[in-house]
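The primary structure of each chain is shown beneath.
4 protein chains.
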Amino acid sequence: MSKIMPPAHPFDTSYLRDADDGDKLKEECGVFGVVGVADASNFVALGLHALQHRGQEAGGIVSYDPTDGFQSARRFGYVRDNFTSQKIMETLPGELAIGHVRYSTSGNKGPTAIRDVQPFFGEFAMGGAAIAHNGNITNANALRRELIERGSIFQSSSDSECIIHLMARSLQRNIPERMEDALRRVEGAFSVVAMTRTKLIGVRDPLGVRPLVLGKVGDGWALSSETCALDIIGADFVREIEPGEMVVITDKGVESHFPFRRLEPRFCIFEHVYFSRPDSILGGRSVYETREAIGRELAKESPVEADLVCPVPDSGTPAAIGFSLQSGIPYAMGIIRNQYMGRTFIEPTEQIRNMGVRLKLNVNRALIKGKRVILVDDSVVRGTTSRKIKEMILDAGAKEVHFRIASPPTAWPCFYGVDTPQREKLLAATMSEEEMRDHLQVDSLKFISIDGLYRAVGETEGRNDECPQYCDACFTGDYPVRPADQIDKGFEMKPAAE
Amino acid sequence: MSKIMPPAHPFDTSYLRDADDGDKLKEECGVFGVVGVADASNFVALGLHALQHRGQEAGGIVSYDPTDGFQSARRFGYVRDNFTSQKIMETLPGELAIGHVRYSTSGNKGPTAIRDVQPFFGEFAMGGAAIAHNGNITNANALRRELIERGSIFQSSSDSECIIHLMARSLQRNIPERMEDALRRVEGAFSVVAMTRTKLIGVRDPLGVRPLVLGKVGDGWALSSETCALDIIGADFVREIEPGEMVVITDKGVESHFPFRRLEPRFCIFEHVYFSRPDSILGGRSVYETREAIGRELAKESPVEADLVCPVPDSGTPAAIGFSLQSGIPYAMGIIRNQYMGRTFIEPTEQIRNMGVRLKLNVNRALIKGKRVILVDDSVVRGTTSRKIKEMILDAGAKEVHFRIASPPTAWPCFYGVDTPQREKLLAATMSEEEMRDHLQVDSLKFISIDGLYRAVGETEGRNDECPQYCDACFTGDYPVRPADQIDKGFEMKPAAE
Amino acid sequence: MSKIMPPAHPFDTSYLRDADDGDKLKEECGVFGVVGVADASNFVALGLHALQHRGQEAGGIVSYDPTDGFQSARRFGYVRDNFTSQKIMETLPGELAIGHVRYSTSGNKGPTAIRDVQPFFGEFAMGGAAIAHNGNITNANALRRELIERGSIFQSSSDSECIIHLMARSLQRNIPERMEDALRRVEGAFSVVAMTRTKLIGVRDPLGVRPLVLGKVGDGWALSSETCALDIIGADFVREIEPGEMVVITDKGVESHFPFRRLEPRFCIFEHVYFSRPDSILGGRSVYETREAIGRELAKESPVEADLVCPVPDSGTPAAIGFSLQSGIPYAMGIIRNQYMGRTFIEPTEQIRNMGVRLKLNVNRALIKGKRVILVDDSVVRGTTSRKIKEMILDAGAKEVHFRIASPPTAWPCFYGVDTPQREKLLAATMSEEEMRDHLQVDSLKFISIDGLYRAVGETEGRNDECPQYCDACFTGDYPVRPADQIDKGFEMKPAAE
Amino acid sequence: MSKIMPPAHPFDTSYLRDADDGDKLKEECGVFGVVGVADASNFVALGLHALQHRGQEAGGIVSYDPTDGFQSARRFGYVRDNFTSQKIMETLPGELAIGHVRYSTSGNKGPTAIRDVQPFFGEFAMGGAAIAHNGNITNANALRRELIERGSIFQSSSDSECIIHLMARSLQRNIPERMEDALRRVEGAFSVVAMTRTKLIGVRDPLGVRPLVLGKVGDGWALSSETCALDIIGADFVREIEPGEMVVITDKGVESHFPFRRLEPRFCIFEHVYFSRPDSILGGRSVYETREAIGRELAKESPVEADLVCPVPDSGTPAAIGFSLQSGIPYAMGIIRNQYMGRTFIEPTEQIRNMGVRLKLNVNRALIKGKRVILVDDSVVRGTTSRKIKEMILDAGAKEVHFRIASPPTAWPCFYGVDTPQREKLLAATMSEEEMRDHLQVDSLKFISIDGLYRAVGETEGRNDECPQYCDACFTGDYPVRPADQIDKGFEMKPAAE
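Line by line, the protein sequences give chains R, L, F and W. Residue numbering for the first sequence follows the numbering used here, starting at 6 and increasing by one per position. Residue numbering for the second sequence follows the numbering used here, starting at 6 and increasing by one per position. Residue numbering for the third sequence follows the numbering used here, starting at 6 and increasing by one per position. Residue numbering for the fourth sequence follows the numbering used here, starting at 6 and increasing by one per position.
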């Protein structure tokens, strides 16, 4: 069952943003495409599986074969559960395919909400094209309204659908030029993988907010959100697609264009902290190493005497290892993660407190008892989970609990393709570090500084406040693209003077 | 899995027409709508259940409620299996709802082919609208090509989607006028039920090829393909919507318009013979009575001495009763239909011949043995089933087998919303009545005459060849609307001189 | 979810009997077996499909193949939905197979209730055996209690499981003798089809209450509840298994034994009236002809002036035809049955009365209006449906309604394998024919007399009250086997003096 | 579809043991029970979720409530997917419940194989009982044969079913005594949790091979395979059930019995190495700490110069941390585990080698390149995975690869409740340590010594060869209980002289 249209605000798709009540920021998408190899869709399935951490709600694959034309399969659930059967994969023949995984942004999972699952397809006078989009269009509401007034009919509630309608109305005579035309009207963050009957196309927005990399697999080519998905298909990592670059790949090779006005790049720094997989390579070194370096910086900035350094599993692990290596305090698994997490159980009685977190995590009681424990986590969003973990650790008899956080305080929502709570629900939006420590009732709480984070990603001078090297809006409120739709809906930007 | 686009013929949707290998013509759709009653979607579910014989592949319902807006559920399978759960029906609130059942025109039943299931919905600048269409648009390919060239993106492979795109591009300022605008561009047969946030709309094409009736239910109103669906919801039958009429129904009442150029009506005569349910009322009397009258005409035109008159169940039953009553030959159930038919069983060995038909039908052996049997069937399409039935009857020891057919020879395909085999597969397109008798190897084979059929439907003078009272193109090749798309694809009309 | 054990009455399985609130008696089972043909399980699937009217809840097949041993598949739902896939049927190899269909006797359909689905299998010291049972064991509770006290563990709540436990404890050295041993302890009605690794076995209880027939298919043999299932597999009907007979069939042929004390046969007369399919042969003529004869008897016994004779579809059809042929009053389909019945729809509002029956049946309003109508039905159980049908007919404008019933008043429950309401819920248990007429508010109501029924089944002298030719306990209260378990639970037999 | 009986060897259930082709030993079961708390089944669901690592194929819960009696639900799949819906849990009311999770020992997952899922239930003359068994009965074939000869009918192919049949035939007058009676006939390893209408019962075999612990939850009690499942329900860990002890728990408290002949305990040492969860407490300290200690011992016994210590995730992690802490070589995540593993993907082309392992694991290429790497794994079973991991590491450019294994060579199968390959498939059964190094082609390969392992679990003197403190048969071939069924089938024990 899908709500075709919310009644009061005909162009408002904000309802898609409010469903998450978890306590992590969530990347919304991963994209992958391959050309020039037999059974391309099987490569795409593998690539999407390796990108599953970027979107777990649903996935889709479109393939093209001269005999069967464009074919599509879109499903809710994990890639492993949908794109592993012979029966499905046989329906996706050809040497050219693209795919998409997306994060669940709403509770609607009924059969017709499948129309929000990408890739999107459009039939144009010169043939069909499919696109998969990672990012977020910040002027989508205005574009949608304009397109509807001209007679376009939207199939989905997804912002990304604007791109295909803009392409349909472009006056250009071939699909790559129509895509340039469309993307010039789009504001925000986008890494797009697209395909026609003969071409695999990749584009990154001028700021390069979201990642996109190029790989070589046999005689063919692959485009992927991250390098870890090149590894799974045995592809060699060639290079990152540059901010503002469009690559058009055919069996003759890779053509590169720069259709947009050039801007200074602002890659998302949170990809280093949390979103990307630790075995992916960003900027020439493994994300794991960067996270370990964050832990080392944190140990330098905010040392504390303790018996054990424990990660909040699994995302805090590399930083905790770095903190231990820098500080010399032994690393230990003080919290064990249940790998069979899933749906919510029915709470039997009031005897069970904090059951939600118990389903996922259990304290290694015999180890923790009587110890001074440093807990390393990647970020604090609402603070709800941090508080529960602290209680579990104290219940188990820890003598002291010190939180060390591998990112600066998250004080502003992301409008570039990450699912963030509204600003007022971000703990750091309303509290200072000290107030947060009181709120969480821990012995100490320290976040890495913004300059410490920049140093850990390799900027030895720290952040360049005149011209920041990364998009760090979630920490600083410094938004490189004006979030027009959000401002229309009442979002207040940080005053310029601040 | 749905084929997004066949590769070679980008605007050709003819592949949708070739899948049926059954031996009956099949109505493609039933439509139903209701306004002004609480829980309108539950009424629609009941109405569609009563219209299930018009389309068994899939069904959909759209409802509107001021709080929840437009809501939609579309499912493959029977209405009874999909629209009976509290869980689904609760998602379709409101006092205004429309629905659609459709016949399976292709083997594609994967999750994305659900996009071909109606009602279709479009969001326009002045609000949303949903439409459900029974019939066939004979210039759909040309319209689709034109719309794509202007930048429309089609969601489905259904001809009916053209209507909503034409509406999206209309310059008119309200939805009923946009619908008039759109339908004036459409050629072919259509009975449409549509809805906006406040209006239930019904339209019949100027020839009135497909049925559409108006009913009163409590303080509200209903539109339905047939009266039998009014009965199931306890509605009173008010009148038929007239050919070329548009009704716009609100809580203030029923407004009637005639937006099209007036033409002499040509209602489908096959609705009387086979498509409509025997308990529906067409032209003031029950379809059952008309069919009984056909049997009486047949007994007068083609009498034969025999021991028993047996129907080919279930569609031949009323005509067989009429034949028996007219001839005085006892009526009997010589063939028993298994009411648990379904998927195809695996044939164990070659010992079983004609298993397909045995799954559905069994001869009442002890009754038939040694008898001269008249079998009454509604029509002969390919002749494959007729031949198998004849063999079963002879195997069971019948002394003679005489076929009497309650329609004239089906020699031409229907292009107005009925799933017909290509012309060369119609037995009567290539054989005379006598050749068909030889082919089927029966003792006699007689079809009702075209005039006999007209007499049975109440035209006492028979067919008016100058200005025929019905569409009987499937028997005569006299097509009241030029089938433009088919002619583009090579279909040859009957020479005018003939 | 299955209730393993009701708490208060540890040996009472009566809860299985009370779930039906329909208004028809329901046969509980059909059995089928085949030996000596390749892919025996495919034949069994077809046979069970033809016997589906005897049990629609669930079905099971056991096969034996020297390589794969005994294999089993048991499923809820129709045969056509479960035993038609290559994937399932390949798991049931071999030349020997048996199967069972059962009626839903309880609402429990969860995964573990599948253990109540037959055939049952037991591994004995000398090898395995599977059995499928049609009928009912009247001393099952006592047997079950005895077996549990000796250490048997029951897998199901089915009475039929007693047979396999009795076999497991028999001192005999081969399986057919163990089966004789077991069945000698069993009271009630049983037609059993069983198999070992090499033998197909069929047994009928000494009274022969339930049917069982032998057929020849190629070089092999088949056992079936009814002949219609022989037809579907192309088998020739050889003969009925005699009351009290056991046949043991191997590739050497058919051996016949009579292991029980001989009794006068008492075949169930209701098989003629309602349970068996009209195309099956019982006592040398088709069940259809017997039912037509019942209609003729009824017309002789209880004539009435009217315009139309209409069946209550579908079970009243043959008797209505007979009534029409005898009386000369035209036969017509005044009530149309919706062939897409299914789950219960949600009632939209109180405007819809009698929706339950409307889902299945609709009056042919235009035909019925102003007419005097004779409605012929097979039986009246609770009378609830009869009442609703009468109302629908009157709503449609009928001038008079006369009910004619093709069986005597059903005043006593069946304890021999038929699902009957408790006695106090049977309309005829508490009312005279005249009271029933008042209750139903019809112009007349007449049941066939018990002697009329006997004449129609060929007993020209009517019922022999000294030694009745049939089991007619449901009409007369004359139970040929004492229903011991029921009497333990408080059932009161008809006083002997009556 | 389940194979009811393998044809040639009627009492041989060995086919259940051969299906695993993975490269880990797998615990076969976890048991949990609770009494004296409202909604007991919800506690059991949580406990089973925490024990999911002990068995992932299927799970079952039985509950008892005075109103509803015994109720049962058994399902394939994870606890989180089955026992979290209100609908299921409402069918399991009461204050007393037990549950079981089991490992997949065969590929049969069809509907009837559900009968192999525990708890098993039996109805006895004095009432019902349900049992859940962790372990393995080494004389099950002989018992099964004996029981079948006496007339028991087995429902499943599970060894554990013998216990309930032995109980059914016991002459004792109450259920706990019947259970003692039954378990005295049983040889092998068993930790049993059982229930009657009023009692929760726990038993451990005289050697105490499998774990079983007692917890206090509110006013009630819990029994669990491991303490981590007490944590999840907020229960306090009271004590381990002792080897040979039976506890009978009612609302009056815990009664303790020792019904078996006393033996020296032989707890499974592999529970410390791999099976139990790291946050469980065994012998007074966390399993995590024992594993870290194993890593320290290994670093002392087999040091090597290297740049990084990396675990093979996830089971090698604690020992790798211990190795790093002891050796001073930095710990790092050189191999990243994909947490979305699942079904097998279709291999697109031959370009992808080792895809199986790539689905689960990816090398952190940028980190590993040019480094000397120590890989710490928990065990080597067949060696297939170790070999693939080595290749991935070398492909990524590692300079040296050193394997350190946290257990001695696994050279003998386990017959006490663990799924082990046949002896000839164990790498260590046919190769020396040096041959294994050559086979795996790594720079060095060292296993911990048997005495080193005993020291790590707290036996400072190492193994007492006269009277070993643990069952270590998988390493030493010293089987504390004669595996009678296996010897019957040809298994050869280690010669006593060795």
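Bear in mind the hints are in silico, worked out from the structure with no lab data behind them. All of these numbers come straight from a predicted model, not from anything done at the bench. Do not take every clue at face value.
Copies of the same chain look alike in the list, so a pair counts if it works inside one copy or between any two.
Once the Cα atoms are required to be at most 20 angstroms apart in a straight line, the calculated EDC-like pairs of lysine to aspartate or glutamate come out as [to be verified]:
no.	residue 1	residue 2
1	LYS29	ASP319
2	LYS365	ASP319
3	LYS305	GLU245
4	LYS221	GLU429
5	LYS92	GLU497
6	LYS92	GLU464
Structure-based check of all given hints:
With identical chains, the CA atoms of LYS29 and ASP319 are at most 20 angstroms apart within one copy only, with a shortest distance of 12 angstroms there and 23 angstroms across copies. With identical chains, the CA atoms of LYS365 and ASP319 are at most 20 angstroms apart both within one copy (11 angstroms) and between copies (16 angstroms). Taking the closest pair of Cα atoms, LYS305 and GLU245 never come within 20 angstroms of each other, the shortest separation being 32 angstroms inside a single copy and 45 angstroms across copies. For the homomeric pair LYS221 and GLU429, neither the shortest alpha-carbon distance inside one copy (45 angstroms) nor that between copies (42 angstroms) is at most 20 angstroms.
Neither within a single protomer nor between protomers do LYS92 and GLU497 lie at most 20 angstroms apart by alpha-carbon distance, with minima of 50 angstroms and 40 angstroms respectively. Taking the closest pair of Cα atoms, LYS92 and GLU464 never come within 20 angstroms of each other, the shortest separation being 49 angstroms inside a single copy and 55 angstroms across copies.
Of the numbered hints stated above, those contradicted by the structure are hints 3, 4, 5, 6, listed in ascending order.
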